[in-house]
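Listed below are the residues making up each chain.
Protein chains: 2
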Amino acid sequence: MKMYKDMNHEELVSLHDDLCKQYEQVKAKGLKLNMARGKPDVNQLLLSTDILDVINSHYDFGSQYEYCNYGILDGIDEAKEFFAKMLNTSSQNVIVYGNSSLTIMFDQISRGYTHGYLGEKPWCQLDKVKFLCPVPGYDRHFAITEHFGIEMINIPMNENGPDMDLIEKYVETDESIKGIWCVPQYSNPTGITYSDEVVERFAHLNPAAKDFRIFWDNAYLVHHLYNDKQEHVKNLIKACQEAGQPNLVFEFCSTSKVTLPGSGVAALATSLENKEDILKHMSIQCIGYDKLNQLRHVEYFNKIESIDTHMQKQASLLKPKFEAVLNIFERELEPLGIAEWTKPLGGYFISFMAMENCAKAIVQKCKEAGTLLTTAGATYPYGQDPHDANIRIAPSFPKLEELKQATELFVLCVKLISVEKLLEKA
Amino acid sequence: MKMYKDMNHEELVSLHDDLCKQYEQVKAKGLKLNMARGKPDVNQLLLSTDILDVINSHYDFGSQYEYCNYGILDGIDEAKEFFAKMLNTSSQNVIVYGNSSLTIMFDQISRGYTHGYLGEKPWCQLDKVKFLCPVPGYDRHFAITEHFGIEMINIPMNENGPDMDLIEKYVETDESIKGIWCVPQYSNPTGITYSDEVVERFAHLNPAAKDFRIFWDNAYLVHHLYNDKQEHVKNLIKACQEAGQPNLVFEFCSTSKVTLPGSGVAALATSLENKEDILKHMSIQCIGYDKLNQLRHVEYFNKIESIDTHMQKQASLLKPKFEAVLNIFERELEPLGIAEWTKPLGGYFISFMAMENCAKAIVQKCKEAGTLLTTAGATYPYGQDPHDANIRIAPSFPKLEELKQATELFVLCVKLISVEKLLEKA
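Read top to bottom, the protein sequences are chains S and Y. Quick note: the first sequence uses UniProt numbering, first residue 1, plus one each step. Quick note: the second sequence uses UniProt numbering, first residue 1, plus one each step.
Treat the hints loosely; a few may be bogus.
Footprint (simulated), chain Y over chain S, 3 or more residues, beta carbon under 8 Å [unchecked claim]:
id, stretch
1, 34 to 46
2, 57 to 66
3, 88 to 102
4, 136 to 149
5, 256 to 263
6, 282 to 289
Hint data in this document are derived by calculation from the structure and do not stem from the laboratory. The beta-carbon is built from N, C-alpha and C at its ideal position, and this holds for glycine as well.
Using the sequences and the hints, build the whole thing.
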C-alpha cells in the first residue's frame, strides 16, 4: 500500500472513485450502530447483577438499622473504608455520595460559584473565572464549567500528561484560574496515565489563587485492560500532603463502570479542611445518601468477589473489543500515513487523530451510513477542536460483530475524507 | 386543678417547690431520649425491608437492561407514572430523582441563584431576593434559603393555612419576592392541611416577579394517621393550570417516610415548560439517577402491596405514639391554661405553643434531664421565634414507653418554666 501523501492526482481520483463505491455499498446495508459513549454492554452489566442479592430482607442489620434511616451524611464507615482503600488514602479523607461522580463534580463547581472555598470569594462575585482544560478531554467536564460561564483554556496533552510548563505558567501568574480538569489514569480519551513527575509538579504548584483546585477525576483507576501491563497513577492526595498543600486537590471516583453504571456509588477524597468545608454545604443540601446501596457495594466486594477479580472479568469482555478496533486500524490505516491513534492499557476510549480539518466530515459520513460516533469537537472546550482532527472511539457498547462493522465503516470514511482533503489541497 | 393564671403568689411558690422536687427525681433517672427529629422507628423500617427482595439477580429485565446502565435522565416511565398517580397529575409533568426531595429543593433554589428560571435573571445578580415563610415551618427549608442569603419573611399560619391576605400583598407588590415554602398537607409542624380556598388563592396569585414560584413540599400526602379521618389538600398543579399559570408551582414529594428514609425515591412535578428548563440544567449535572431503586419501588407497590395498605401499617405504629403524647398533654396541661397544641390527623409532628418566652427554657430544661427536643426557634427562619413559644414535638422515633417518659418529663418542664415565668412577672 502507498502512503496517501505520495500519491499523485490521478491515483487519488481513482482511489476516491473506488472508496465512494465501497461507501455506497456499506450505506446500503442500513446499519444502526452506536460508538458514541463509554457505556458498558449488556454482558458487562450481567457480571454485576449478583450485587442485587446482597442486601435483602434477611440481611442481618444487627444494631445498624440506622443504615435504613435518615442520616450519616458523609457515608457509612464501611463505604468510606472501601473507597479509601481503592484510592490509597485514609477513610477520614473520604465522603461517599449517591450514584454519580459527575454530580459531585458539578456540586463542587456550583459551590465554588455560589459560596467559594474555605472563605474565599464566591466565583459569581468575580469578573472572570478560568479553568485549565487538558485536551483532548472529557466533554461532560467542559459542559459543567461552560454552564457556569467559566472561561476554559486548552492545555495540550503529551504522552506523560498535560503540558506542565504551560500549567505552571498559567496557575502561578493568573489569580482568575481556579481549577483544572484531569483524568489522570487511562485518561478520557487519550488513555494516557500521568507520569510521576507530572503528579509531583501538580503537588508543587504555587497557585496565584488561594482557591485553585485540581479536579482529579480518577474515573478509571481500576479499569485495566491487561493483567500484566497495568498503569497506576501516583497518589496526588499524598503528594499534596507531602508538599504541604493538602487542600490543592479534590479527587473523584465511582463504581459506575465497576458494577451497574446507573446504580453505583461515588466518592470524593480530599484534605480534612476541604472535607469540613464541603460537609457544611452538604448538611444544607441533603440528610444522607443511599446508605443501603453503599452497604450493597461493600458487602459485594467483601463477600462475593474482589475488585481485582471483578475488573479482570470486565477486562476479558472489553479487551477483544479494543483489540478488534486496533487491529482494523493497524491493518487498514497504518500504511497510509493519514491518521494516528492511541493504544491504551485501560479505560474506555481510543483517541483517534485524523488529518487536520477531517474529523467533523468523518463523523458526519459515518452518521449518514448509520453509525453514531462521539461528536467531533466534543473532546475540546466549547466543542471546538482547533485542528478538527480528534475523534473519540468508544468500543464498549456495541456487540463485537457490530463493533467490527462500525470500525470498518469508520476506516472507510477516514480514507474517503482524507482523499477528499488531499484532492482539495492539490 | 386550678388555672395557673388564677393562682396567687403563695400558691405559685408552693407549686414551684413541688415541681422542682419532681424534676430532680426525674433527672436522677438519667434518661437518654430523643424527640428531636421526624425519623421513623425500627418497627416502621421493618415494614418495608421486603422491598429489598424485589429487584434481585433473577429479576427479568427483558429488554430493559438499560435500567442498569447510564441514562434516562428524568426517571423510568414506570416511576413517573407511579408518582403521577400519587400526585394526581400527568407523568409528563414528573421528574423522578434520587433518594432525597430536600436535595431537589436545594437544587431548585441553587438553580434560581446561579442561572434563573425560564430566562429570568439569576438571583445572584440581584441586590435583594426574598422568600415568604409560613411559620411555624420546616427548619431545613429555612436553612436552604438562608444558605443562599435569601431574606426570609414570616407569614403567620392559621387553621386554614398561611395568611393569604398577607401573601397576596407581598407577592403582588414586591418583585424581589421569588418564592414561598409550603408544606400544604399535615404541615410541618402544625399538622394543618391548607383549605381549598387557600389553594385557589395560591393558583390565582398575580406575582410582581415573573420567576416567583410556590415551593409545594407535599411531604405527607399519603401520611394519614386515621383511615376514617383523612385530609387531602387540593391539587395545586391542576389549579394553577386552570388559572392559566402552570409555571407557578414546583411540587415535591418522596417515599422517604413511606419505605426506607435513606433509600427512597424523590420526585418533582411541575409544568412542561418548567420541566424542560430543569432538564437543561440537570443534563449538565447528572447522567441519570438510580433507576433500579426507582424500579424497586414501583415493583414493590405494584406487586407486593398497595400504598394505602402500607401507609395503614405505618399509621398503626404511629397512631399510638401520637395518642400517648396527646393524652398526657390533655391530662396534665389542659386544665392549667398554660399551653396549646395541635391534634393532627397525619404527618409527623405535634406543634406545641407554650406561654411567651418559655420555649427555649423548656427545651433546655428537658435537655438537662436527658431528653432532646427539636431546638426551640428551629421552626422559624434564622431560628428566631419572635414569641419564643413554639416547640415541635416528634413522637415517631422513641419506643412507646420511652416516649411516654419523655412526654411526662416535657409536661413537667412546661409547668415548671411556666410557673417561673409567672413568678417573674408578679
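Quick check: the stretch 57 to 66 of chain S, covered by chain Y? Criterion 3+ residues, Cβ under 8 Å. holds (count 3)
Using a Cβ cutoff of 8 Å, are there at least 3 residues of the stretch 256 to 263 of chain S near chain Y, or does the coverage claim fail? The restraint on the stretch 256 to 263 of chain S holds, since 5 of its residues have a Cβ under 8 Å from chain Y and three suffice.
Within 8 Å of chain Y (C-beta), three or more residues of the stretch 136 to 149 of chain S: holds (count 5)
When I compare C-beta atoms, does the stretch 282 to 289 of chain S have three or more residues closer than 8 Å to chain Y? holds (count 6)
Under 8 Å between beta-carbons, do enough residues of the stretch 34 to 46 of chain S, three at least, approach chain Y for the coverage claim to hold? With 5 residues in contact (Cβ-Cβ under 8 Å with chain Y), the coverage given for the stretch 34 to 46 of chain S holds.
Are 3 or more residues of the stretch 88 to 102 of chain S near chain Y, judged by a Cβ distance of less than 8 Å? As far as the stretch 88 to 102 of chain S goes, the hint holds, because 4 residues have Cβ atoms under 8 Å from chain Y.
In this structure, none of the earlier numbered hints is contradicted; all agree with it.
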